[in-house]
Structure formats: structure tokens, C-alpha cells
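The hints should help you fit chain B onto chain A, whose structure is shown.
Note that the protein sequences, when read in sequence, are chains A and B. Residue numbers 1 to 173, in our numbering, belong to the letters of the first sequence in order. Residue numbers 1001 to 1176, in our numbering, belong to the letters of the second sequence in order.
These are computed hints drawn from the structure, not numbers from a lab. Predicted, not measured: the structure shown is a model, and the values here were computed from it. In this text, a Cβ means the ideal position worked out from N, Cα and C, and glycines have one as well. Treat the hints with caution; some may be incorrect.
A few chain A residues facing chain B, derived, Cβ under 8 Å [as the list claims (entries may be wrong)]:
#	residue
1	ILE7
2	ARG17
3	TYR19
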Amino acid sequence: MAFLNSIEQLRQVEWGRKYLWDIKFEKAPVPFNEFFPAVDVEEDKAVLETFTIEEFMEVFEVPLKSGIKAIRITFLDDANNTLVDWLSDWINRSILNNGKHISTLEKSVKQVTLLKLNSRRESLSGQEMSYWVIPKGQITYNGSSSSDPQTYSVTFVIVGQISDRREFEENNP
Amino acid sequence: MPRPSIDQIRSVADFTTLFRWNLTFAKFPSAVASPPNTEDLNIRCESAELPRLTGQTIIQNVRGHQVKQSGIHNYVDSITLTFIETVDNIIHNFLKNWREAAWETKSGIAVPKNELEAIVILQRLNNQDVPIWEYKLIGAFLQDFDLGGTLDGVTSDSLKPQMILAFDYFDDRSLS
Chain A
1 MAFLNSIEQL RQVEWGRKYL WDIKFEKAPV PFNEFFPAVD VEEDKAVLET
51 FTIEEFMEVF EVPLKSGIKA IRITFLDDAN NTLVDWLSDW INRSILNNGK
101 HISTLEKSVK QVTLLKLNSR RESLSGQEMS YWVIPKGQIT YNGSSSSDPQ
151 TYSVTFVIVG QISDRREFEE NNP
Chain B
1001 MPRPSIDQIR SVADFTTLFR WNLTFAKFPS AVASPPNTED LNIRCESAEL
1051 PRLTGQTIIQ NVRGHQVKQS GIHNYVDSIT LTFIETVDNI IHNFLKNWRE
1101 AAWETKSGIA VPKNELEAIV ILQRLNNQDV PIWEYKLIGA FLQDFDLGGT
1151 LDGVTSDSLK PQMILAFDYF DDRSLS
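The shape of chain A in the complex, shown without the other chains (with noise of 0.2 Å):
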């Protein structure tokens, strides 16, 4: 006996939809505050390295550690650049503080938040999640000469996970 053995099985499953996500930076500028205009989205669940362990005629491959989680976001800007220039001065200004010292991790992270909705567009319980995080790699702008909409595509590297989000939004009003 097979384990599939109906359509009426696969027609039980309310099967899941690539776009039912959604996605906000906290205090980013006006008015990307309420949404972020990301198209597309790649989120690390879990990252798991393997180490090879090589013995006489047989390979192994046995759990080594935890690897760099990242968020990977392909975004739309507005006609006055004011995402690019918002993360361009992140790096810059936050980080790099123009060139004259390196800003600590606690004063170079902003927040995320991602959100896993169902059909009717509700927050799935348990699947918000709101991470530190902090840009990798260069910002570059690219013009072009289609009318096609201007996008960006930037990866954060996760470098904490806010657990309770509202004891943040408490202490950080």
C-alpha cells in the first residue's frame, strides 16, 4: 500500500503560497516605518556545517557546528532614493563613522521583522520573528536605461534574535 493513495489527500493540505510574508526595518525613514518594500526575501532557518571523517573504505559526515545566518532582500526604493541612502548612511556614517573608527556591534545593528501570514494575511502564531542584524557587502546603485522599477538586493548578516519583542519595544520606545 502506497502512502499517497488519493487526490482527496493532497485536496486536505491548504498548501503554502510564496507570497505570504511580509517584512518591516524599525525606524526607517517615511515611509518605508510601516512596510518595507521588499519583493523578495530569503531567510537562513538553520545553518548546520558537517565535518568529513574519512576511514578505511568508508566516509562519515558527522555535525561540526552552527554557521553565519542571513537575510537576503531584493527591495524596491522610491524616486528619491531614500532606502538606498538610508543604508548607504548606515554603513557609512553608523559603522564605518565616516572613516574614522569602527562603531561597536551594539551601536551598528537595527532591527527586522519578519512575518509568515496565512491566506487571510494574519501573522501565523509562533512564526514572527524579529532579529538583529547588520548590512553586508557594498550598496551599489545601478542605473539603467529601461523603465523598469529600481531595486537593490542586500544580505544581513543575523547577528542576534530578539526573542520577546515586546520587552524591546519596552526599552526601546
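Chain B alone, transformed into the frame defined by chain A:
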């Protein structure tokens, strides 16, 4: 259940007709120089497409079975309004000024989005000419146009320019 009888069909309300309707520009694009009177456009509008929303179907193929789910719904890209031009060039002037606001001849200068957008309302009427349904197009702008065909030496038909309006979404409601 038996099929409907002729008396049942005779007892339903009046059937709607295709020719009773009105076009209104509730808001003209603010950047358009000298916009026409909305009544001038309504009088000249010969036909108007109704807006609609189309849904994507998400298909799950699992080992030979295929099940479907309703996916993202998008408003259709545009609607087409067909006008009958008059010798005072009301439609041509409106088309040219709207077009120039979106892309100025030679320079390519464009006005900001909110100055380029109109709010367009289509109303269907009952047989007493009372509005019974309204379609309100939000964020309408001139996406394309057709000035009405080919000039020739034998045809006495009217020139019928078309406006193809793109829009973000429409809101429709019953008025009866």
C-alpha cells in the same frame, strides 16, 4: 428540478442593456493642461470596456496527481475607451496634453505620478436611466492611444480615437 418556464423568465426584473451607461472623469490629471469638460468626453464616448480582475491558479503536481488552489488576483492591465472625434478636436487635445504630461516631446520630461493620474467612473444605468452599478478606476493614466485609423479618400466614417487607460485597481458597487 425542471427547467425555467417562460412565465418565470417573464417575471424577472428588466434585463440590463449595453447602451445605457455614463463615463465620468471624477478627477482629471492635474498636470494636463486645459482638460476637457467631463460631459464633453461622456457625449463623445462610443464604447467602454469594463474592468476586471483575473486570478492565477496555483498547481501542485504530486506524483501524478494535480490539485489546484486559487492564487494571486491581478487587475487587468488596462481598459479601452473609444470616442467619436469632433472638429473642435476635444479628444485629440486631451490625448496630446495627457501624453505630453507623461512624456514631453523632445525632452522626455515626465510629471510626478500623482499629477498624471485620473479617477475614472463608469456607471451602468437601468431602463429609467438611473445608475445601478458603478466601476471606479483608481490610478488611471494614459498607457496607449490610437488616433482612429487611417486617413483615406473614400471613407466618410467618423474618426474614432481610442484611449487605453492603465489603472491600479477598481472599486465597484451597487447603486440601486
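Outcome of the hint check:
1. ILE7: 5 Å, holds
2. ARG17: 6 Å, holds
3. TYR19: 6 Å, holds
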